[in-house]
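*Asks:* Residues per chain are reported as follows:
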Amino acid sequence: MMPIARLLSKRLGTSLLVLFGVSMLIFAIARIIPGDPARIALGPNATTEQVAALRAALHLDDPVWIQYGYFLGDLLRGDLGVSLYTNRPVTTDIAQFLPATLELVLVAGFMMVAIGLPLGILSARYRGGIADNIVRIVSLLGVSAPSFVWAVILMLIFAFYLPLFPVAGRISDSYSIEAVTGFLLVDTLIAGNFRAFGNAAWHIVLPAFALALSGIGQATRLTRANMVETYDRPYIEMARSYGFPARRIANRYAFKPSLIPSLTIIGLDFAAMLGNAFLVEAIFAWPGLSRYGVAVILRKDLNAIVGTVLIISATFLIVNIIVDLLIAFINPRIRLSQRSS
Amino acid sequence: MSRPLLDIRDLTLGFKGWTGLTEVLHGISLNIQPGERVALVGESGSGKSVTARIVLGMLQSLRSARIGGTVEFDGRNLAQMSRAERQQLRGTRISMIFQDPTSSLNPVYRIGTQFHEVLKREVPGFSYQEAMNRAAEILREVSIVDAERVLNSYPFQLSGGMNQRVMIAMALANEPDLLLADEPGTALDVTVQAQTLDLMRRLVEQHNTAVLFISHNLGVVREFADRVYVIYKGRIVEHGPTTALFDDPRHPYTRALMTAVPRLTGGGVPDIDDDASAFSAPLVDHLAGEGRP
Chain L
0 MMPIARLLSK RLGTSLLVLF GVSMLIFAIA RIIPGDPARI ALGPNATTEQ VAALRAALHL
60 DDPVWIQYGY FLGDLLRGDL GVSLYTNRPV TTDIAQFLPA TLELVLVAGF MMVAIGLPLG
120 ILSARYRGGI ADNIVRIVSL LGVSAPSFVW AVILMLIFAF YLPLFPVAGR ISDSYSIEAV
180 TGFLLVDTLI AGNFRAFGNA AWHIVLPAFA LALSGIGQAT RLTRANMVET YDRPYIEMAR
240 SYGFPARRIA NRYAFKPSLI PSLTIIGLDF AAMLGNAFLV EAIFAWPGLS RYGVAVILRK
300 DLNAIVGTVL IISATFLIVN IIVDLLIAFI NPRIRLSQRS S
Chain E
0 MSRPLLDIRD LTLGFKGWTG LTEVLHGISL NIQPGERVAL VGESGSGKSV TARIVLGMLQ
60 SLRSARIGGT VEFDGRNLAQ MSRAERQQLR GTRISMIFQD PTSSLNPVYR IGTQFHEVLK
120 REVPGFSYQE AMNRAAEILR EVSIVDAERV LNSYPFQLSG GMNQRVMIAM ALANEPDLLL
180 ADEPGTALDV TVQAQTLDLM RRLVEQHNTA VLFISHNLGV VREFADRVYV IYKGRIVEHG
240 PTTALFDDPR HPYTRALMTA VPRLTGGGVP DIDDDASAFS APLVDHLAGE GRP
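Chains L and E supply the protein sequences, listed in that same order.
FYI, in numbering that gives the first Met the number 0 the residues of the first sequence are 0 to 340.
FYI, in numbering that gives the first Met the number 0 the residues of the second sequence are 0 to 292.
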């Protein structure tokens with residue numbers, strides 16, 4: 000698997016470059032936003048001397064590139080600075096809030112793939128039929144409204160009028176689960192508390208589905224479109240002429256070649272959920288990175304803003320690398336010939 | 000005369016579209032005896048390929064297709080079979096070879112995997128390892144020496160000629176009674192095409208497989224077929240044993256088709272009579288009156 004290793008190292012290298020660029024950009028933007036971070040942090044009753052002291056401590060009086068130098072030095076030691084909002088290291092804050100968001104996004108991503116791809120296959124296999132038309136209308140609905148609209152609609156229907164699911168939160172208050180990974184679905188299993196696991200799973204269904212809906216629609220439409228094109232290829236006609244079962248042709252011989260062009264976009268959609276999660280989290284009172292992110296932006300908490308954005312960018316890049324590897328894995332042309340690219 | 004393996008009588012085909020019915024075949028009749036090699040020759044759009052698709056039972060399930068006449072395979076009328084029964088014939092008793100071998104093999108599966116799937120049509124319980132042994136055996140028959148490497152390759156890693164051999168091997172793997180060859184190897188260059196055709200001819204002789212050979216290439220047809228049907232715009236215009244037909248082409252269209260082949264000795268691109276009205280002249284059958292339709 001040498002070509003895979005080469006691909007991986009190349010992608011890791013470019014990702015580090017991108018991350019470096021993002022850090023510079025967000026570092027500069029955060030400092031251009033009007034308002035004095037030290038004044039906001041200390042409040043209106045602080046004396047001018049106190050504000051000046053804090054500005055000095057934060058190196059805010061130095062030129063931006065010198066400040067960036069300090070920041071990079073700290074970053075290399077794994078230190079993102081202290082949040083002026085929570086007075087804790089930014090890394091501690093992120094470690095506390097990120098898992099909830101990641102858990103939500105991962106479950107939504109799983110729904111997108113587990114629901115979207117089979118629907119796309121079904122739709123392509125019976126194209127022109129009733130099932131196809133229903134699936135196409137539903138997937139169009141999914142992509143045409145943003146996830147926070149779906150969040151409100153789903154909450155109204157399935158949590159308010161039909162109280163099947165909880166309205167808010169990650170887990171009922173009666174459970175206290177020791178945080179090991181921060182992922183409640185994992186921690187409850189580690190604790191061996193299956194009732195708590197069920198409760199956490201019950202809580203995540205609606206917000207994850209709301210977040211996933213547009214992705215499901217997109218994945219369905221892409222899979223369908225690419226498969227319909229693949230169905231016209233000679234190798235599908237050949238598979239038919241040999242009497243391979245229609246179901247096997249759909250699920251294997253037409254699906255796999257069609258997945259290659261879909262996968263890049265599905266991966267981007269998946270990563271985009273990190274951004275959409277902010278609004279869905281706000282609606283379902285999900286204690287994730289969104290509340291923290293919004294609070295630190297409003298309070299012009301420089302270190303926390305930069306830290307949050309960097310973590311989200313890094314997650315985005317990691318998802319992209321995983322998608323690239325998946326594509327290489329299913330496309331033998333890439334897997335076997337990295338030299339040519 | 001023994002019962003023909005394939006007997007097509009008055010086959011008509013039309014496609015229903017927005018503008019009404021587009022007729023493609025206007026009642027063609029054709030038969031193939033077991034082990035016989037029969038060519039269907041004509042220009043593009045004359046209805047050669049759709050005829051093969053009907054024999055395979057692949058157009059019957061198309062909603063817009065209107066099929067008339069009868070197609071009997073081994074004495075059984077295809078129209079009276081269920082969809083599943085027609086599918087059961089494909090890949091087991093009837094198989095097909097396509098124009099472009101490289102694009103007819105699935106790009107994301109290894110040759111071995113695709114071979115396994117083909118062999119499972121005949122023996123559903125074939126394990127992968129057994130299938131690979133059998134496949135290697137068949138590949139050696141088409142003069143592929145390093146069968147293991149080929150089975151482990153993806154189609155894009157093999158040459159067109161190699162893929163064509165793989166296609167021939169797959170088509171004959173389940174010992175079909177009838178092989179439909181739809182312009183086999185037209186996408187390959189001529190030397191490779193000649194090699195693989197020669198190979199195919201040897202194998203079908205060995206296995207006593209009947210062949211419906213669809214082509215526009217008269218030279219190839221002359222070398223390959225025992226009997227020739229010439230098709231023009233959905234009608235058979237001339238039919239006869241290969242030598243009789245080539246020695247004495249009687250129908251205006253057949254003559255035009257023969258003069259249309261550029262000569263190696265030069266003389267430019269041949270002039271073809273633009274008067275196509277003569278091409279609609281009635282069927283000329285060299286075997287008429289000899290007890291065969």
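These are calculated hints, taken from the structure and not from any lab test.
Note that this is a predicted model, so its numbers are computed, not measured.
Glycine included, every Cβ here is placed at the ideal spot set by N, Cα and C.
Don't take every hint at face value.
Below, simulated SDA-like cross-link-like pairs (lysine to any residue); rule was C-alpha separation at most 25 Å, straight line [said to hold, decoys possible]:
| no. | chain 1 | residue 1 | chain 2 | residue 2 |
| --- | --- | --- | --- | --- |
| 1 | L | 255 | L | 165 |
| 2 | E | 119 | L | 9 |
| 3 | L | 9 | L | 30 |
| 4 | L | 255 | E | 151 |
| 5 | L | 255 | E | 98 |
Quick list of the computed label-pair ranges, beta carbon to beta carbon [to be verified]:
| no. | chain 1 | residue 1 | chain 2 | residue 2 | range |
| --- | --- | --- | --- | --- | --- |
| 6 | L | 113 | E | 193 | 21 to 31 Å |
| 7 | L | 137 | E | 260 | 52 to 62 Å |
| 8 | E | 128 | L | 4 | 24 to 34 Å |
*Asks:* If a hint holds in the structure, say so; if it doesn't, say that too.
*Replies:* Okay, the hints, checked on the actual structure:
Under the criterion of a C-alpha separation no larger than 25 Å, the hint pairing residue 255 (chain L) with residue 165 (chain L) is inconsistent with the structure, at around 38 Å. Between residue 119 (chain E) and residue 9 (chain L) the alpha-carbon distance is near 42 Å, which puts this suggested pair outside the 25 Å criterion. Of the pairs offered as hints, the one joining residue 9 (chain L) and residue 30 (chain L) is violated, with about 32 Å between alpha carbons and a cut-off of 25 Å exceeded. Of the pairs offered as hints, the one joining residue 255 (chain L) and residue 151 (chain E) holds, with about 18 Å between alpha carbons and a cut-off of 25 Å not exceeded.
For the given pair, residue 255 (chain L) sits about 23 Å from residue 98 (chain E) by alpha-carbon distance, which is consistent with the 25 Å threshold. For the pair residue 113 (chain L) and residue 193 (chain E), the supplied restraint of 21 to 31 Å is violated, since their beta-carbon distance comes to about 52 Å. Here the CB-CB span from residue 137 (chain L) to residue 260 (chain E) is close to 57 Å, well matched to the stated 52 to 62 Å. A C-beta distance of roughly 30 Å is found between residue 128 (chain E) and residue 4 (chain L), which places it inside the suggested range of 24 to 34 Å.
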